[in-house]
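These protein sequence lines are chains F and H, in that order. Residue numbering for the first sequence follows my numbering, beginning at 1126 and increasing consecutively. Residue numbering for the second sequence follows my numbering, beginning at 1126 and increasing consecutively.
No lab work stands behind these hints, which were simulated from the structure alone. There could be a bad hint or two in this list.
Since the list can't tell identical chains apart, any single copy or any two copies may satisfy a pair.
For lysine-lysine, the following BS3-like pairs were computed, each having C-alpha atoms within a straight-line distance of at most 30 Å [unchecked claim]:
# : residue 1 : residue 2
1 : Lys1236   : Lys1251
2 : Lys1176   : Lys1133
3 : Lys1276   : Lys1236
4 : Lys1258   : Lys1276
5 : Lys1135   : Lys1176
6 : Lys1258   : Lys1135
7 : Lys1236   : Lys1133
There are 2 protein chains.
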Amino acid sequence: MKTDFLEKLKSFDIPTCLRVCAGTDGSVTFLLEIMTRHEVSVVTEDQHIVKADEQIASLLDIDVGDEVNCRTVTLVADGIPYVYARSMSPIGRMPEAVRRDMMRADIPIGKILRDHGIETRRDFDKIGIVNGKGLFGCDTVLSRSYNIIHKSTVLMRINEQFPVDSRWNL
Amino acid sequence: MKTDFLEKLKSFDIPTCLRVCAGTDGSVTFLLEIMTRHEVSVVTEDQHIVKADEQIASLLDIDVGDEVNCRTVTLVADGIPYVYARSMSPIGRMPEAVRRDMMRADIPIGKILRDHGIETRRDFDKIGIVNGKGLFGCDTVLSRSYNIIHKSTVLMRINEQFPVDSRWNL
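Let the hints inform the model, and build the full structure from the sequences given.
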């Protein structure tokens, strides 16, 4: 893990539950369900397959032209959106059962990995508070990126954006 | 995961940060550091090696007589104890570098696994609110047990006990 990830996160003066969701090395959907005590819905905004360009190939450590599944979802609990998450997964690296569940929309990634008993670790990359560009109706969002590693390769690269506001006073 | 683990946890009327720490499928030490914004110390209360009796052998899916490392620690942040954790790890299953760090006291398990890039999943077993028997000076503690799975076998079985009181209003 990058040491500055944790130090940076600790320095943010934001609601505790937001800091926790943006910092966990476990499942975010699962934490959100525990925090809100409501079931979390995964609302799929977009799902499509691309062939990796040089930048994506470098990020995922795959070959240019390899197929990548791109999925964008919003995590919603009790009618309130809490997380906007984009994932990129090299098609060839996903175990068959994982691929099937990823293509069927609306299943959280943590649940997919758990259901199929996939062993992973999460390697943090970047975190920061950035311009929200209207997302969640917020001026600023907390953005973080990390890789889910399985069998020593990047199974998924994830970027999550969290609204920085009082909805996290849970 | 046992479905009733999550439902039971959601039903507990306890501080949100306690519910989150007792529910995460990621590192507890790490969440505690993010919540409290203080470094977390691991205070080793006890560490010894036992030969597995029938009950331990069955829990860890090893042979009777196999060596097991037993470690008991308290996690402390800003002078306040938050978690009392007991782990049992079959010696023969620990990668060499992990074993060395486990024997050197005072390194959190999540950090050991992260430092050595170990891929895992956490399988929850039991959760409940029980008599605190004076631990943390509390009448009741929240107790949970889970297994850390690596290469499809139990690498560690962990029981954590959390004080049920207002120290979690973070």
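Practice task
Of all the hints given earlier, name the ones this structure violates by number, lowest first.
Solution key: Per hint list: 2, 4, 5 violated.
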